[in-house]
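Asker: Listed here are the chains, written in short residue letters.
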Amino acid sequence: MKIMVSMKRVIDYAVKIRVKADKTGVETTNVKMSMNPFCEIALEEALRIKESGGASEVVAVSIGPPKSADTLRTALAMGADRAVHVTTTAPTVYPLTVSKILSALADVEKPGLLILGKQAIDDDCNQTGQMVAGLLRWPQGTFASKVVLDKEKQEVTVEREVDGGLETVCLSLPAVITTDLRLNQPRYATLPNIMKAKSKVIKKVTPEELNVEINTDLEVLQVTEPPKRKAGVILSSVDELIDKLANEARVL
Amino acid sequence: TSGILVCEAGCILENLDSFLENEGFMMPLDLGAKGSCQIGGNVSTNAGGIRLLRYGSLHGNVLGLEVVLANGTVLDMLGTLRKDNTGYSLKHLFIGSEGSLGIITKVSILTPSRLSATNVAFLACEDYLNCQRLLLEAKRTLGEILSAFEFLDNHSMDMVSTHLEGVRNPLSSSLHNFYVLIETTGSNESSDKEKLDTFLMQSMEGGLISDGVVAQDINQASSFWRIREGIAEASMKAGAVYKYDLSFPVKMLYKIVEEIRQRLGNSAKVIGYGHLGDGNLHLNILTDSYDNNDILSKIEPFVYEWTSEHHGSISAEHGLGMMKADKIHYSKSAETVRLMVCLKNMMDPNGIMNPYKVLPSF
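So the protein lines, in turn, are chains U and L.
With the working numbering as the guide, the letters of the first sequence map in order to residues 1 to 252.
With the working numbering as the guide, the letters of the second sequence map in order to residues 1001 to 1362.
No lab work stands behind these hints, which were simulated from the structure alone.
Do not rely on the hints blindly, as some may be mistaken.
Calculated Cβ distances over 12 Å to all of chain U for the following chain L residues [said to hold, decoys possible]:
#: 1; residue: T1080
#: 2; residue: E1144
#: 3; residue: D1211
#: 4; residue: V1250
Computed list of lysine to aspartate or glutamate pairs in EDC-like fashion (alpha-carbon distance at most 16 Å, straight line) [unchecked claim]:
#: 5; chain 1: L; residue 1: K1327; chain 2: L; residue 2: E1305
#: 6; chain 1: U; residue 1: K32; chain 2: L; residue 2: D1192
#: 7; chain 1: U; residue 1: K198; chain 2: L; residue 2: E1205
#: 8; chain 1: U; residue 1: K196; chain 2: L; residue 2: E1189
#: 9; chain 1: U; residue 1: K198; chain 2: U; residue 2: D70
#: 10; chain 1: U; residue 1: K32; chain 2: L; residue 2: E1305
#: 11; chain 1: U; residue 1: K67; chain 2: L; residue 2: E1229
#: 12; chain 1: U; residue 1: K200; chain 2: U; residue 2: E57
We treat Cβ as the ideally placed atom computed from N, Cα and C, and that holds for glycine.
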């Protein structure tokens, strides 16, 4: 069985984000970029399944401009067998388009499992996994904190982190899984694997070849910082408090 | 835009670095205590730290100082010029003299550009000889992008993984004798990565390193640094620590660790780590409690005598203070110390500037 893992190149999680002066987005020049942490967890899970005999191959996929290949190289260095880079010229590709591309790729690669991060830390959309599952008409186990594959039954049991606690679902393959933080701790890229990665293939594919049109159906109007927290005010009486709650905060 | 920062002595190092970050610069030094140490103190102790290999010592980076002398004179040497050969360069007297000749009140320091591409690799070497060869190779192959080269022995690694929360050995699959942390800093992410990969591949093929990992994001890089920077903290949790900060020619740096280990046998745990790139060893001897005087007598004066015989420094970056003032002769000749005493007497005749420190009390 093949496992396909999709990953996104984002601003490194530890970087202090700064909004551009023209409010069109955040500062990305000379800023450290890395693989989205949830995608790293997705890849780690795929590698573990392969190592325990559940799968024969792990294919890493990324969509974007040339630099997206960096994350694929990291994936190969962590142990993925091969990679596919869907090249786009647009600087941002939105979840619906990503989902269409991934489902087209899934039709070609025919994986038994498609594992993705639950969301990207730059847009926090949390949409791609769910949309791909919808387009492919595959079952989905999102916010996975535990994944157990039953190869014989061709089923995967996923423990999901939900608001009320944990929910366990059983999905028949092929299925889509999106990973949450507690699923695993990703491995480091070891030197022997970094060296092996040099001979691994990154295949380039265009959206046209997959019959997917890049639609910018979303337009970013403005990006601003959240309002600065205002200082607290010490009040002199309960009457003043009631007055402020009624007239300023408008909660009474 | 010139990269020259002028500030008062009480500014905390980390705050200065954050301020400079917004302007695209950085402080030329970095140490574990950056969250609380003040720049005036850093300069008066000539603090070293983990970036000395790349940016040099404060003697090179400090352009000027404002100092208050023992007689109350405020000496304004706060120049911001890169080059100024007019008269004796007195600022050097105050850098590293631990406040015994004057109090630093303002600092003018040259700050390097903050480059965006950092890479950290954590490697394993089978023996100390390979650590040395690796250093040589790193300087040759990584050249101008090398920004830190630290080492720790397996005893240090044991200590940190046992006593610190959340710290794990990234190379835990097999036992290794020595670990080296290499950091590169440059302006071009992809070419730096390529240089590092080439260096690592060559080192692996040449048998210099037996295993290693490369950080894929800032979090992983921080976790590698946590291992190296956490050794001092972990040592304190182990019980009683005897600490020595020595510098030697790189070739014999680890020999003293082995000698002390042999001398003390099972009575103490001996760990060695430090700024290998600068030839600076931190030697820590750990026991259960400080009550055992027997241990101390086995360590001192042996460690100082050994250092002196091998032409090393008994205090590479930590200074002399009060504890080592009378040990200065192990690393400086009698004539040199005499001239120091002359200077001290001339500048501070009443002995009010940090008395009993740096120089032996006569």
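Asker: Please go over all the hints and tell whether each is borne out by the structure.
Answerer: Outcome of the hint check:
no.	hint	in the structure
1	T1080	holds, 26 Å
2	E1144	holds, 18 Å
3	D1211	violated, 6 Å
4	V1250	holds, 24 Å
5	L:K1327 <-> L:E1305	holds, 10 Å
6	U:K32 <-> L:D1192	holds, 13 Å
7	U:K198 <-> L:E1205	holds, 15 Å
8	U:K196 <-> L:E1189	violated, 21 Å
9	U:K198 <-> U:D70	holds, 12 Å
10	U:K32 <-> L:E1305	violated, 48 Å
11	U:K67 <-> L:E1229	violated, 33 Å
12	U:K200 <-> U:E57	holds, 13 Å
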